[in-house]
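J.: Here the sequence shown is numbered in the numbering used here, starting from 2 and rising by one per residue.
By construction, these hints were calculated from the structure, which means they are not laboratory data. Heads up, the beta-carbon is just placed ideally off N, CA and C, and yes, glycines get one too.
Straight-line distance between alpha carbons at most 25 Å, and here's what the computed BS3-like set of lysine-lysine pairs gives:
1) K12 / K251
2) K169 / K46
3) K147 / K169
4) K230 / K72
5) K51 / K169
6) K155 / K169
7) K251 / K51
8) K46 / K72
Ranges between beta-carbon positions, derived for each pair:
9) R289 / S26: 52 to 60 Å
10) L259 / A27: 35 to 43 Å
11) K147 / R49: 25 to 33 Å
12) Y321 / K121: 23 to 31 Å
13) K4 / F223: 52 to 60 Å
14) C353 / E291: 24 to 32 Å
15) F223 / Q201: 15 to 23 Å
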Amino acid sequence: MPKSPPIFVTKTFVPPLEEYEAFISASFQKAHLTNQGPLVVELEKKLRAKLGVDNLQLVANGTVALQLALKALNIESGEVITTPFSYVATISSILWERCQPVFVDIEPDNFTLNPALLEKAITPRTRAIMPVHVFGYACNVEAIQKIAVRHGLKVIYDAAHAFGCRYKDRSLLDWGDVSTCSFHATKLFHTGEGGACLVQDANTNEKLDLIKRFGHSGDEHFRLGINAKMSELHAGMGLAVLPYLPEIIKARREISELYDRLLCNLVGRPLPQDGLDYNYAYYPVLFRDETQLLRIFDALAVQNIYPRRYFYPALNKLPYLTDMTSCFVAEDVSSRIACLPLFPDLSIDDVCRICRTIEANL
2 MPKSPPIFVT KTFVPPLEEY EAFISASFQK AHLTNQGPLV VELEKKLRAK
52 LGVDNLQLVA NGTVALQLAL KALNIESGEV ITTPFSYVAT ISSILWERCQ
102 PVFVDIEPDN FTLNPALLEK AITPRTRAIM PVHVFGYACN VEAIQKIAVR
152 HGLKVIYDAA HAFGCRYKDR SLLDWGDVST CSFHATKLFH TGEGGACLVQ
202 DANTNEKLDL IKRFGHSGDE HFRLGINAKM SELHAGMGLA VLPYLPEIIK
252 ARREISELYD RLLCNLVGRP LPQDGLDYNY AYYPVLFRDE TQLLRIFDAL
302 AVQNIYPRRY FYPALNKLPY LTDMTSCFVA EDVSSRIACL PLFPDLSIDD
352 VCRICRTIEA NL
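Please build the complete structure, drawing on both the sequences and the hints.
T.: Okay, here's the thing in structure tokens:
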């Protein structure tokens, strides 16, 4: 008997082709495919309005967004405090910009950077803090902000998972000196490939805008820059996807609530903060130990179902780092956490099958 089609941890939402074509047809007719074209300008305007922010720059991807944030804030050396529980892009951006990542362990209830441990990690070489709203769960933004102000540090939020989240009636992206987004095709809202920087200070925003387009305007050169612009083809995808965002989140919420009912008391789950309006970007579950996780992965793979280990290993254990400071909570969580399949057209039958398999192999 043939296997069912594979079910992966996520599946890209694709808008109707004719709607995407309607956006990019003018770009084709004018042969205007990049260099801050009208679709990029339109998407930036719509995203600023949706998020209630003043400054938003679309860029080529979420990793370069972090690099641009560091450059625009003049953080080109020294230490950047960050979390060991994130995707590798978080520390890749720090290392690529010739800074030193310093790891602070995570909170055990929602897996975000633990602000109670921050001040012990601050040294005279510390320049910035780069927390991560992991899985869309909010960092303790108030506590982090107080510490940053007290020590004169910049805060850059890796908010790759946080698009669509609100905290205390304010976009979660509207915290820190800069918040960065990934609009990769696997994300809740996407442009195929892309990202964004949301910047608090207008002068920093201007600087970032220059840096992302080689540091010049017309024939006048102001500073060193790179090419981090978003193309019209990617902006057109974002414009086609954006109207569907409410129904995407609604569908993901309904699937998450079904998982909640079927897995109640069987697996661990992060605890959302009071005041967080969640985006249902992921469905992370915590197993008893790594042995149990691997047994369940094997049982699901037999059925062509593929959850994913987000995030393994803990970043402080990467082999190319010289400083492998122990972070007990992150190392423990990373060894036994996984994200289950979650996307709008995942069927009820498949969710039930996944949950039955988990229950049978605990």
